[in-house]
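Here the protein sequences come in this chain order: A and B. Taking this note's numbering, the leading residue of the first sequence gets 1, the next gets one more, and so forth. Taking this note's numbering, the leading residue of the second sequence gets 1, the next gets one more, and so forth.
Since the hints were derived computationally from the structure, they do not count as laboratory data. One or more of the hints may lead you astray.
To be verified - Heads up, incomplete: computed chain A residues facing chain B, CB under 7 angstroms, no partners named: (1) T14; (2) A15; (3) Y17; (4) A31; (5) K38; (6) W50; (7) P52; (8) H53; (9) Y85; (10) Y88.
What the hints assert, rightly or not - Okay, derived cross-link-like pairs now, SDA-like style, lysine to any residue, Cα gap no bigger than 20 angstroms in a straight line: (11) K115(B) to Q35(A); (12) K98(A) to E106(B); (13) K75(A) to G86(A); (14) K108(B) to V122(A); (15) K75(A) to E95(B); (16) K75(A) to F97(B); (17) K38(A) to E112(B); (18) K108(B) to D78(A); (19) K125(A) to R105(B); (20) K38(A) to E106(B); (21) K127(A) to K115(B); (22) K38(A) to S101(B); (23) K127(A) to T56(A); (24) K38(A) to L107(B); (25) K127(A) to D7(A); (26) K108(B) to E120(A); (27) K38(A) to R105(B); (28) K125(A) to Q56(B); (29) K115(B) to R105(B).
Predicted, not measured: the structure shown is a model, and the values here were computed from it. For glycine and all other residues, C-beta sits at the position ideal for the given N, C-alpha and C.
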Amino acid sequence: MNATRIDRGSNETTAVYSEGSDLVFERTFDASREQVWKAFTDPELIPRWWGPHGTTTTVVEMDVRPGGKWRYLSKGPDREDVEFYGEYLEVDPPQGYKWTFMFDVEGVGPMGGPETFTLEEVDGKTKVTSIGHMGSVEVLEGALSTGMVPGGLETWDRLAALLATS
Amino acid sequence: MDMDTDPLSTTFAALADPTRRAILARLAQGEATVTELAAPFDMSLPGISKHLKVLQRAGLIEQGRHAQWRPCRLAPEPLRDVAGWVEQYRRHWEESFERLSDYLRELKDSQEQGKGDDDERDPNRQG
Numbered sequence: 001m002n003a004t005r006i007d008r009g010s011n012e013t014t015a016v017y018s019e020g021s022d023l024v025f026e027r028t029f030d031a032s033r034e035q036v037w038k039a040f041t042d043p044e045l046i047p048r049w050w051g052p053h054g055t056t057t058t059v060v061e062m063d064v065r066p067g068g069k070w071r072y073l074s075k076g077p078d079r080e081d082v083e084f085y086g087e088y089l090e091v092d093p094p095q096g097y098k099w100t101f102m103f104d105v106e107g108v109g110p111m112g113g114p115e116t117f118t119l120e121e122v123d124g125k126t127k128v129t130s131i132g133h134m135g136s137v138e139v140l141e142g143a144l145s146t147g148m149v150p151g152g153l154e155t156w157d158r159l160a161a162l163l164a165t166s
Numbered sequence: 001m002d003m004d005t006d007p008l009s010t011t012f013a014a015l016a017d018p019t020r021r022a023i024l025a026r027l028a029q030g031e032a033t034v035t036e037l038a039a040p041f042d043m044s045l046p047g048i049s050k051h052l053k054v055l056q057r058a059g060l061i062e063q064g065r066h067a068q069w070r071p072c073r074l075a076p077e078p079l080r081d082v083a084g085w086v087e088q089y090r091r092h093w094e095e096s097f098e099r100l101s102d103y104l105r106e107l108k109d110s111q112e113q114g115k116g117d118d119d120e121r122d123p124n125r126q127g
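Here chain A stands alone, though its shape is the one from the complex (with noise of 0.2 angstroms):
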């Protein structure tokens, strides 16, 4: 099965697509695969930089292996703290890891889902391929036709371009 691949807009830094009922962000580091797996797995090094600009993280837990549980707290200034967490499913220093990514929406629940991450060196360098598995192609369609501009008609008119095009 080969699904198309479309661009939810990817930038000069960030490849960002959805293909079938992935939703897919590649970036390079220029960095050793080795760091960038720290970087991941580490719990001293989470805080450093995951999470949206001006929040704060801080790992709850982190048992990286296979069964291990993980949670993370996020501050932000402008929301309501949100945890994060999940299960780490397959393990493999320093390729990659898959784990489940949750969290839980007021009114709605538990949402998220599996993520994959690989690790490739390339040209010294390490690519990060981050693959969000969201479920049905047609609910990552759905969410996205009215995802990419939050609020207002502007909203409306990508919807309306979008389906127009699909």
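Place chain B on chain A using the hints.
Leaving out everything else, chain B in the frame of chain A:
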């Protein structure tokens, strides 16, 4: 049908159908009557009504009370919820990757400065 499904799943299920997404796209341009909505589709009025019912149950559209016209319009809230979490997810990784890149660059700089055999050394650095 599972009546215990959470609101977001109901929204997703309603969005899963291309005809329903097309109806939403049409309504994004302004309210419309059932007849107007049915026009672009090769579908009977009852067929369209069925889709409208699903959309209505998911809270995605509202229908006016005027007996004859009953125009449909978009209801923004559930779509905003759906948009919200995908947007949050997107933003999370985009910005995390940016921060990770900054961190790894710092790491590299400090390592290069630490190496004695390197050409470009920071002249301001004191041993």
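Evaluation of the provided hints:
| no. | hint | verdict |
| --- | --- | --- |
| 1 | T14 | holds, 6 angstroms |
| 2 | A15 | violated, 11 angstroms |
| 3 | Y17 | violated, 12 angstroms |
| 4 | A31 | holds, 4 angstroms |
| 5 | K38 | violated, 9 angstroms |
| 6 | W50 | holds, 6 angstroms |
| 7 | P52 | holds, 4 angstroms |
| 8 | H53 | holds, 5 angstroms |
| 9 | Y85 | violated, 14 angstroms |
| 10 | Y88 | violated, 18 angstroms |
| 11 | K115(B) to Q35(A) | holds, 17 angstroms |
| 12 | K98(A) to E106(B) | violated, 27 angstroms |
| 13 | K75(A) to G86(A) | holds, 18 angstroms |
| 14 | K108(B) to V122(A) | holds, 17 angstroms |
| 15 | K75(A) to E95(B) | holds, 15 angstroms |
| 16 | K75(A) to F97(B) | holds, 18 angstroms |
| 17 | K38(A) to E112(B) | holds, 18 angstroms |
| 18 | K108(B) to D78(A) | violated, 32 angstroms |
| 19 | K125(A) to R105(B) | holds, 12 angstroms |
| 20 | K38(A) to E106(B) | holds, 15 angstroms |
| 21 | K127(A) to K115(B) | violated, 25 angstroms |
| 22 | K38(A) to S101(B) | holds, 13 angstroms |
| 23 | K127(A) to T56(A) | violated, 25 angstroms |
| 24 | K38(A) to L107(B) | holds, 12 angstroms |
| 25 | K127(A) to D7(A) | holds, 18 angstroms |
| 26 | K108(B) to E120(A) | holds, 18 angstroms |
| 27 | K38(A) to R105(B) | holds, 14 angstroms |
| 28 | K125(A) to Q56(B) | violated, 51 angstroms |
| 29 | K115(B) to R105(B) | holds, 15 angstroms |
Of the hints listed earlier, those the structure fails to meet are numbers 2, 3, 5, 9, 10, 12, 18, 21, 23, 28, in rising order.
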